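Undergrad: The lines below spell out each chain.
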Amino acid sequence: MKPRIHINRGRVIDPANQVDRQTPVYIADGRVVALDRAPDGFTPDQTIDATGCWVIPGLVDLRAALREPGAEHKATIASELAAAAAGGITSLCSTPDTQPVADSEAVIELIHHRAGAVGGTRVYPLGAATLGLAGAQLAEMATLAASGCAGFCDSVGPVTNNLIRWRMMQYAASHDLLLYLRPWDSTLAAAGCMHDGTVCARLGLPGIPVEAEIIGLQRDIALARRSGARVHFCGISSAQGAAILAHELPRNKRLSADVSAHQLYLTDDDCGSFNSLYRVDPPLRSNDDRTALRQALAAGTLSAVCSDHQPHEADAKLQPFSEAEPGISALETLLPLVLQLIGGELTASTAIAAITSGPARILGIDAGHLGLQAVADVCVVDPERTWQPATDGWLSSGRNTPFMETPLRGRATWTIAGGEIIARLDRDE
Amino acid sequence: MTDRTDLPATGSPPLRHLLDMSNLSRDAIEEIFRTADSFVSVGARQVRKVPLLRGKTIVLLFFEPSTRTRTTFEIAAKRLSADVVTINTSVSATAKGESLLDTVRTLQAMQSDMFVVRHRDSGVPHLIARHVDPGVSVINAGDGWHAHPTQALLDMYTIRQHKGDLAPLSVAIVGDILHSRVARTQIAALGRLGVTDIRVVAPKTLLPQEIASLGVRVFHQLDRGLADADVVMTLRLQRERMSSALLPSEREYFRFYGLTPKSLRAAKPDAIILHPGPINRGVEIDSVVADGPGSVILPQVSNGIAIRMAVMALAAGPTPRQQPVESETPR
Numbered sequence: 001m002k003p004r005i006h007i008n009r010g011r012v013i014d015p016a017n018q019v020d021r022q023t024p025v026y027i028a029d030g031r032v033v034a035l036d037r038a039p040d041g042f043t044p045d046q047t048i049d050a051t052g053c054w055v056i057p058g059l060v061d062l063r064a065a066l067r068e069p070g071a072e073h074k075a076t077i078a079s080e081l082a083a084a085a086a087g088g089i090t091s092l093c094s095t096p097d098t099q100p101v102a103d104s105e106a107v108i109e110l111i112h113h114r115a116g117a118v119g120g121t122r123v124y125p126l127g128a129a130t131l132g133l134a135g136a137q138l139a140e141m142a143t144l145a146a147s148g149c150a151g152f153c154d155s156v157g158p159v160t161n162n163l164i165r166w167r168m169m170q171y172a173a174s175h176d177l178l179l180y181l182r183p184w185d186s187t188l189a190a191a192g193c194m195h196d197g198t199v200c201a202r203l204g205l206p207g208i209p210v211e212a213e214i215i216g217l218q219r220d221i222a223l224a225r226r227s228g229a230r231v232h233f234c235g236i237s238s239a240q241g242a243a244i245l246a247h248e249l250p251r252n253k254r255l256s257a258d259v260s261a262h263q264l265y266l267t268d269d270d271c272g273s274f275n276s277l278y279r280v281d282p283p284l285r286s287n288d289d290r291t292a293l294r295q296a297l298a299a300g301t302l303s304a305v306c307s308d309h310q311p312h313e314a315d316a317k318l319q320p321f322s323e324a325e326p327g328i329s330a331l332e333t334l335l336p337l338v339l340q341l342i343g344g345e346l347t348a349s350t351a352i353a354a355i356t357s358g359p360a361r362i363l364g365i366d367a368g369h370l371g372l373q374a375v376a377d378v379c380v381v382d383p384e385r386t387w388q389p390a391t392d393g394w395l396s397s398g399r400n401t402p403f404m405e406t407p408l409r410g411r412a413t414w415t416i417a418g419g420e421i422i423a424r425l426d427r428d429e
Numbered sequence: 430m431t432d433r434t435d436l437p438a439t440g441s442p443p444l445r446h447l448l449d450m451s452n453l454s455r456d457a458i459e460e461i462f463r464t465a466d467s468f469v470s471v472g473a474r475q476v477r478k479v480p481l482l483r484g485k486t487i488v489l490l491f492f493e494p495s496t497r498t499r500t501t502f503e504i505a506a507k508r509l510s511a512d513v514v515t516i517n518t519s520v521s522a523t524a525k526g527e528s529l530l531d532t533v534r535t536l537q538a539m540q541s542d543m544f545v546v547r548h549r550d551s552g553v554p555h556l557i558a559r560h561v562d563p564g565v566s567v568i569n570a571g572d573g574w575h576a577h578p579t580q581a582l583l584d585m586y587t588i589r590q591h592k593g594d595l596a597p598l599s600v601a602i603v604g605d606i607l608h609s610r611v612a613r614t615q616i617a618a619l620g621r622l623g624v625t626d627i628r629v630v631a632p633k634t635l636l637p638q639e640i641a642s643l644g645v646r647v648f649h650q651l652d653r654g655l656a657d658a659d660v661v662m663t664l665r666l667q668r669e670r671m672s673s674a675l676l677p678s679e680r681e682y683f684r685f686y687g688l689t690p691k692s693l694r695a696a697k698p699d700a701i702i703l704h705p706g707p708i709n710r711g712v713e714i715d716s717v718v719a720d721g722p723g724s725v726i727l728p729q730v731s732n733g734i735a736i737r738m739a740v741m742a743l744a745a746g747p748t749p750r751q752q753p754v755e756s757e758t759p760r
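Sequences listed follow chains A and B, in order. All residue numbers for the first sequence refer to this note's numbering, where the first residue is 1 and numbers rise by one. All residue numbers for the second sequence refer to this note's numbering, where the first residue is 430 and numbers rise by one.
Here chain A stands alone, though its shape is the one from the complex (with noise of 0.2 Å):
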């Protein structure tokens, strides 16, 4: 029997249903039965005093490595599940880079096997959408359908021919399934490291090229609309990108994009000193670029921001900037990086929404809202709380973050899952 959870004196904030104002929020049975008044015989387990605080729908995080099963010194289920589960995550998409690569119903399983054990965080597997993420061959893309995968990536290892392109997207339209897709030229990002721009000339890396990201999506949103596919588009990072997809997606309404939080806040500047944990895929662009992918936020032409989780081990990122592993261990800081930008053109709203009912209507689950007789996936979030990721806790086993030694503001004290608590900050209450 689920607990029946009475959350009293937050402010709900349900983007989806357009509400947001002070009032209780009823749960019982794993989903949310009441907002404002009780229903008849309600008699709350457990109170929680939300004083202070937001009561928003629980995250959906498009796209986080697990690592399990195959790297399982970076990362385990268990591990980032806690981590997901203490950032205010409950339902994220596990991406399809494990060893081996799940392109099979047996790994498909097996996560959902593993993931079903810890409980707390749901996981929606991505699957490879060509056999071992190789770029030559389909993957059984509708019987993973059949056994749970959310979507079908070539996000990790960019499928370079355009025929095998054009085919993937042909075949994935036949079925309906999502696709997550890379907007990358590969021969133009070819050894880069980083945005080719003027922190690169004195560096003297190997430049990436806003180009690649140009391209890419040119190629794939021309690709899509003649096959029909329904494509999500993973982490702009340019500027121009996010000009080419206001125009686009108008005029097609089966893509979408998302942007990584940490483009939202880093910039190539960051990599001045060679310091290999601001090394992610794609680069850390200028300035400019990150101005207009928060403008992009704002717009609602990216209507999701997900972590793009990548958890390390230290000696992944020990390395030369260029030989360094790319990506941020990303799951706790989430929430806080994109409550930080609320303010000025971004409304509370479109943030929460950005985290919560955009990625869910992307999915297609039901999922990031609080309407009634929703899946009760709630998390509490104190907006004020200042905490530092070094100091106050870190439950990923990836520490490669670079705001590990910076002040955010804002954290989940209350994750609630299906009905149930899976995180709570404060023991002691």
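Simulated from the structure, these hints should not be mistaken for lab results. Quick caveat, the model's predicted, so the values are computed rather than measured. Any given hint might turn out to be false.
[To be verified] For lysine to any residue, the following SDA-like pairs were computed, each having C-alpha atoms within a straight-line distance of at most 20 Å:
| hint | chain 1 | residue 1 | chain 2 | residue 2 |
| --- | --- | --- | --- | --- |
| 1 | B | K633 | A | G192 |
| 2 | B | K633 | B | S678 |
| 3 | B | K633 | A | L188 |
We have chain A already, so just place chain B on it with the hints.
TA: For chain B alone, coordinates are given in the frame of chain A:
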């Protein structure tokens, strides 16, 4: 060993690490030059040694082959009476799979006082400097396409020797700037010494996209880039540039960018010619120019020893100076 990001350390000694030009003030450069002046005479003496670094251990850590730079560092260290160990990548532990930092940690445990590092990846000396103990210096002997500060310093020193104050000079750098740590460091050093007319001359395939942001004027035609130049610095062209579609052929490159008596007519008659070596005769420079009256290629080599002695003496020498090196942001 902890991860320190506040590098290079400022304060005394005046030069803890030499990683690139970004933390060298003009005063620090002048001090290196003055110190080098005092060492030039050492090379002319019968006993070519000073006891400044007696008892110090200097490790030359070369992860990439080098003859000239390694040899001059070795000679410089020996003239300062240091104990020198040279480790080449072909015989090093990294070939057996030991990580870069493990190699450094191991050598540090043997009480090394200074690492002189050459690596094919940009940023490696920075990585090492972040992880060495206090009191251990790191000197960059060339990292990837990023920096080669002792080369740039010896180039500036050589220019000063022949032309005096650098600030009013017109300086042209010709060749493969994109892949050149030498060119990047020369540009930074010239800027730091007050030179305002810095030009780069190359086809776009051999230039970083945002090269102009480094404070240079960009030319694609040699005669225009060399017009009235006081100093012409050319760079070695690697053979593999042909196979990666950066250039059609050595022949065409020499025709349009090679330094010849004819192409140098655009420069001032008393212009000096520098080259970091080793030179490809008939590719980036004609033999007549390389061996001609304007060439200072051999003085560059001997100055290299004095400059490297100065840098090592200032970084590991026994007398901490009073005035700290001013830290300047590279941006």
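Undergrad: State for each hint whether it applies.
TA: Taking the hints in turn, this is what the structure says about them:
This hinted pair checks out: K633 of chain B and G192 of chain A have alpha carbons roughly 18 Å apart, not beyond 20 Å. A hinted pair counts as satisfied when its Cα atoms are at most 20 Å apart, and K633 of chain B with S678 of chain B qualifies at roughly 15 Å. Our distance criterion of 20 Å between C-alpha atoms is met by K633 of chain B and L188 of chain A, whose separation comes to about 16 Å.
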